[in-house]
Amino acid sequence: MRILAVALLVTAWAPAVRAQGEVPRPEAVLGFRPGTAYQLADYAQITKYFQALAQASNRLRLVEIGRSEGGRPIWMAVISSPENLARLDRYRQISARLARGEAENEAEARRLAGEGRAVVWIDSGLHATEVAPAQHAPELAYRMVAAEDAETARIRERVILLEIPVINPDGLESVVEWYRGNAAGPYDRAPLPRLYQKYAGHDNNRDWFMMNLAETRHVSRVLYQEWFPQIVYNQHQAPPFPARIFVPPYAEPVNPNIPAAVMEGINLLGAAMRERFAREDKPGVLSYRHYDAWWNGGLRSAPAFHNMHGLLTETAGNGFAAPRLYRPEDIPERFPDGLSAREPSIFYERPWTGGTWGVRDAIEYMLTADMAVLGAAADRAADFLLKSWQLARRSSEAGRQGDPFAYVLSPEQWDRPTALVMLEKLLLGGVEVERARDGFTAGGKTYPAGTYVLPAAQPFRAYLMDLMEPQRYPTIQAGRTERPYDITGWTLPLQMGVRVERVNGGFQGALERVGAIDRAGRVTGEGAVALLDHRQNAAFQAMAELLKAGAEVRWTAEAFEAEGRKYPAGTMVVRGGAEAVRGAARTSGAEVRLAAAAPAVGAWKIATPRVALYQSWTANPDEGWTEWLFDNFGVPYTLAHNEDLQKDRLRDQFDTIVIASAPADSILHGLRVGETLGDREQLPAVQRPEYAGGIGIRGLYELDQFVRQGGTLVTFEAAGEAPVSHFPLPLRNRARTGGFYAPGSLLRITLDTRQPGAYGMPAEAVAFSTGGAAYQVTLAPEFNQGRREVRTVARFAEREVLASGWIAGERAIAGQGAVVEARHGMGKVVLLAFRPQFRGQSHGTFKLVLNAVYLGSARWEGPAPAR
1 MRILAVALLV TAWAPAVRAQ GEVPRPEAVL GFRPGTAYQL ADYAQITKYF QALAQASNRL
61 RLVEIGRSEG GRPIWMAVIS SPENLARLDR YRQISARLAR GEAENEAEAR RLAGEGRAVV
121 WIDSGLHATE VAPAQHAPEL AYRMVAAEDA ETARIRERVI LLEIPVINPD GLESVVEWYR
181 GNAAGPYDRA PLPRLYQKYA GHDNNRDWFM MNLAETRHVS RVLYQEWFPQ IVYNQHQAPP
241 FPARIFVPPY AEPVNPNIPA AVMEGINLLG AAMRERFARE DKPGVLSYRH YDAWWNGGLR
301 SAPAFHNMHG LLTETAGNGF AAPRLYRPED IPERFPDGLS AREPSIFYER PWTGGTWGVR
361 DAIEYMLTAD MAVLGAAADR AADFLLKSWQ LARRSSEAGR QGDPFAYVLS PEQWDRPTAL
421 VMLEKLLLGG VEVERARDGF TAGGKTYPAG TYVLPAAQPF RAYLMDLMEP QRYPTIQAGR
481 TERPYDITGW TLPLQMGVRV ERVNGGFQGA LERVGAIDRA GRVTGEGAVA LLDHRQNAAF
541 QAMAELLKAG AEVRWTAEAF EAEGRKYPAG TMVVRGGAEA VRGAARTSGA EVRLAAAAPA
601 VGAWKIATPR VALYQSWTAN PDEGWTEWLF DNFGVPYTLA HNEDLQKDRL RDQFDTIVIA
661 SAPADSILHG LRVGETLGDR EQLPAVQRPE YAGGIGIRGL YELDQFVRQG GTLVTFEAAG
721 EAPVSHFPLP LRNRARTGGF YAPGSLLRIT LDTRQPGAYG MPAEAVAFST GGAAYQVTLA
781 PEFNQGRREV RTVARFAERE VLASGWIAGE RAIAGQGAVV EARHGMGKVV LLAFRPQFRG
841 QSHGTFKLVL NAVYLGSARW EGPAPAR
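Our numbering applies: residue 1 is where the sequence shown begins, and numbers increase by one.
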């Protein structure tokens, strides 16, 4: 962690010694006032301004909290009075001690709360194409540092503001560079043709319990291990048109794991915002609609499960920096959900009737919301601090009462390294993890030493339970289920294939707190041949490293026995140097067994795969997460754009082509030249000609030829509609015709583990679906069995398909194909009817992708051909 003070970087929370000097206005450093039409400040400019503030003022310290995925520093401005900054470590300790429930009793908690300062987090620029928040950041900092009015002085005295000027610096740079090349021209609003954050794009606000991104991990460390702010305010654009800003309270439903006192505190802060907007005569404030309190995984939602008041606002904006005049006739009669947009209601008390709106207007609205939140925090600073202790103690006491008392992870797991990954994610989120020094008994079952225990008696019990337990999305409003804002099911053990046992009654054992998870792999036995269990995701990481080092790798096609041990079909047999094997095990986390000789069974000889991953000019997070999967598991790949897939002889270059989930129409046609897309501000976006279109008929033909000539085409969820509709495959998508709908839920699947595509998988697993597909084979069974035109590797469960979340039309997909391999000429199409790599969360189905990719490049060695 680094702090900027008087333009020097130091390595500790050193007390500020400089006095308040002449504080520069944002325009003096940026060269224009934030919000000026057609002007956007880039990350270097915003950083330069905050550095100037740190040099000029003793009311601000600038701290580097980490580096982005692109290697840029992420800055946090700590703003308060000079006296508070001089005692910053003490106030941080108080906030942490209360949030963890460590004060011995209420008297001590009240004393600490009275001594402490409310800690408020305000971030900007998470979604980079929502340009106003980052542009507003200098204005907020300037006001908090330079203003001398009584309200701001009171805030500085009672509040420590943690302001993140740009939480996604890579995205800001990408968006500003793109916009400057288009500003004030015919393509002023051309959509960015790539993801604005590595791997995730817009999904960077969907990573807040999995923490796959560097930015998420850095922020989570500050939130849950260092500062424990009582208020976490996350700024976005834009609300449903024609509202000018959405502020809490949120819409139904509410997640039952969020403490009621947290929800009421959020409502209180939302009321403070609403009241301030009314007093400042700023209309168009919307509440109680669209953005619900159900989902976990966002920067405003995950903190609510940590006893913090997670706030979201969505301020109106038209994407980039061009202002627009809205006439009265542009204002619709109703919002998309049917609420009147012209008549006052409790949800929308003073309708906005139109006028000119641009980035500057959005900045003014955000500053109003900022001051409302900071003012409420100053007024109730001691109360917010005491409340964090009360909630922590209440959570711990509820855990001690049991139901659940703890969650237990036995060392015996299907995929032990992945179980350790899950524990590591929980630790990053502030969950307390314990490990048994000796064996113990709980819930009538005996567990060995080394068992991990997640006690429910801990401050963030709500967060733990929400990730461990299946979600049951409620039916509300007279039997009608509201369309969810985001996904409805995310249970971590189900997604990751980890066996977690809930223990309701109390038990005792020799348990010790775990500060870090040791995920280093292990090598046992002796010999020149390494055997890797295909059940381990980490085995793929080790295998990729060994292939790169020149080792020979084979996957056995049948079970075998070696040196008194039984090994299943799919076991990875590696011939290579012992040191290379040990190094690969250590870095991957895989567990490896050495043997004297390789088994004499048929096998697939594995080669480094030649993979093309389709990347359209319509930014697709599902494609980005596929890059994340390949990068994390060492799969080399080439990004192929529309023109790349329109070339002939694709089979000479690639063994496998992967298309992440996207509608078939988008894959084939993309955005056409001159096509416009209406957004929430009713302003069309025109695609630049060089990024228009999709793979087209030519690309479809070349994909067809690629497969016919022996290639493997792999599609995820919605992308499967392209080959199913346009190749002569004997398949039908039942999800499209049977009324099936899944708004992001976890579904049960059964697998034929005899098939190579299911190597390493259990007979039953859980897959993540957004309702895209379920495949029915249209060939007569006897014909298909003889020709082997289609193999069903996995099916959706025959009954009780839903594991977590909410679905409609379950009967349409029950028993239908979830993973299907369809022969096409000399090659095959592998269709996964779900998203096997969804947001880097669904570790339990990663192997289905990795198997398909490696088998696409494998060569059979054995007594008879195998498919």
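Calculated from the structure, these hints are not laboratory results. All values derive from a computational prediction rather than experimental measurement. Among the hints, a few may not be true.
As the list claims (entries may be wrong) - Listed next, the in silico DSS-like pairs over lysine-lysine satisfying Cα-Cα at most 27 Å (straight line):
| no. | residue 1 | residue 2 |
| --- | --- | --- |
| 1 | K566 | K605 |
| 2 | K548 | K605 |
| 3 | K198 | K548 |
Checked hints:
no.: 1; hint: K566 to K605; in the structure: holds (21 Å)
no.: 2; hint: K548 to K605; in the structure: holds (15 Å)
no.: 3; hint: K198 to K548; in the structure: holds (25 Å)
Checked against the numbered hints given earlier, this structure breaks none of them.
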